[in-house]
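Asks: If you read the protein sequences in the order shown, they are chains A and B.
Start counting the first sequence at 1; every next residue gets the next number (the UniProt record's numbering).
Start counting the second sequence at 1; every next residue gets the next number (the UniProt record's numbering).
A couple of the hints might just be wrong.
[Unchecked claim] To give an idea of the chain B side of the interface with chain A (calculated C-beta under 8 Å), a few residues: (1) Val-52; (2) Leu-112; (3) Tyr-275.
These are calculated hints, taken from the structure and not from any lab test.
By construction, the Cβ of each residue, glycine as well, lies at the ideal position given by its N, Cα and C atoms.
Protein chains: 2
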Amino acid sequence: MSLPQTFASRGPRIDAMQYDNWSEKIFQQMREGGVDAVHVTIAYHETFREMVANIEAWNRRFQRYSHLILHGKWASDIALARQTGRTAIFFGFQNPSPIEDDIGLVEVVHSLGARFMQLTYNNQSLLATGCYEQEDPGLTRMGKQVVREMNRVGLVVDMSHSAERSTLQAIEHSERPIAITHANPAFWHAALRNKSDTVLKALGQSGGMFGFSLYPHHLKDKSACSVQSFCEMIARTAELMGVEHLGLGSDLCQDQPNSVVDWMRVGRWTLDVDYGEGSKAQPGFPDQPAWFRDNRDFHNIEAGLHGVGFGAQEVAAIMGGNWLRFFENNFVPAKAQAGAAVHPHEIAV
Amino acid sequence: MSLPQTFASRGPRIDAMQYDNWSEKIFQQMREGGVDAVHVTIAYHETFREMVANIEAWNRRFQRYSHLILHGKWASDIALARQTGRTAIFFGFQNPSPIEDDIGLVEVVHSLGARFMQLTYNNQSLLATGCYEQEDPGLTRMGKQVVREMNRVGLVVDMSHSAERSTLQAIEHSERPIAITHANPAFWHAALRNKSDTVLKALGQSGGMFGFSLYPHHLKDKSACSVQSFCEMIARTAELMGVEHLGLGSDLCQDQPNSVVDWMRVGRWTLDVDYGEGSKAQPGFPDQPAWFRDNRDFHNIEAGLHGVGFGAQEVAAIMGGNWLRFFENNFVPAKAQAGAAVHPHEIAV
């Protein structure tokens, strides 16, 4: 089979976190930016049934924009996307709300395509503790059971919004590597959402993945952050935990109205205003840095990584090669991963 | 690959309808009876969320009894089941209640494994009319839309419990063949659930499938029905609509308490008692005929079919070959069926 030039000439570009106001324009920008795969959020505070309604909306997009995107279920769908000039869209939850109090839903949501699930979103959940709580008692009884079931079916534990002790316990308790899909190191920019050296080291030693965020509240100097500062931070993180554990998770929230960041922060859990990482003076979405406005700007990061001294193979690994390997190993059921007979019989709609 | 003797020596045995009180005993009996695939009901009146809870219960059975059964999603799973000495379990609904009023759920339930959906269960539904209603206005506006969507994703229309006009309209409106998974001809035993010659002919001419029921209320002489009478009826039906459109759909409800038949009949739609096909004198499950008590008795039907003059190939077709061909053609999305590129990448849990 003859492949488009781009397929042969570079490795995959994978973004492990976006929550845009989805439109043909954005999918077209993914193509212009050469983005082969994106992990998108389909639940912040949604119940199971509400999350299913979000899948229904995605199914309509997969039909309507079938020339631009496809539903990514397995790592091999990224190869299919590259061969057909499209972007593979993988589903994930930023909160365990879609499994409600029912561990049986873990396998069900995996059947529906969920591939990442955060154990917490800022607050205490049924499973673990979020990064904005005062106390962090660690994984709950149900949390330990759910992590084991996630390991079995191939649903990746994501601790991006979790508190420190819960995160370390998740790394310890999980039999398969976990991910922090979108955050930055606290050594570079101190924020409750950014991660300590302790977490970064434990994550790397356990074979986990860390995705660097482009969300201004996670950046040093926020919207004014320079691409050089961002890439120097990546170089320091590579020294701390190994370049093979690093990728991107931009947290791009393109074209979203501020009502959406309100929903993320407030959900249905409070009657008060909660500004999250923002403030009364800056309640809405902050401006993106000039060098990363949308999916067409990944080349700026690629150039920046070369500029701070990464070699070509390292740059390719950070831009998507590491995520591709992680997807290959961690989306399949544990039984399949262990070398048991697999049965390739699914047919894409 | 070397196959067990049974795989080489006979065609598949497929039962297109059971709703047993599932247990290891019953799965063991499926193996003893050489039953390669069973279409099981996972919803009578359940909402979407309640149906998902039934899938969760099946997922636990698939884990616990993995030496006896596996989740059948595609026709090729029947070959896998035969190669590994197990029975493939396919999901279906006897009522469209799990899709609620939401056409987007058609694709979602197909993703979860649903392969048959009745448009009605005895009563009027949002989609069509059941066989116990006085009036039969035919497919509704939503019914026509849902049939088209079922055709697209590969969810088979089943009219077993539907009224005559609705059934004929479903055959006419559906772009892919439909099924009547479990019923008998009215010419043999007049019952509201049994089907007219008009329906049988239209079903055969459209490439559809008819599954013969072993439920005593559908049998001439009910529990006292003889296997010879049953097989003579099959021979007459073959003359009417062609042997290639015939299979079995036993409607076996083994080990179920009578509370279950109450749920089937009454659901949540009435506060009165409804005896359905039963009566005040015989309100519960009737006794099975002596020659078909459970999954170990399919050989009695096979012998009976030989006894009324069917040839070996015809018997094999009725015992499962016809259903296998129907599963192969009708569970895959229309796009895949039409010869578009398919992408075998699913991995069984």
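Asks: Which of the listed hints are broken here?
Replies: 3
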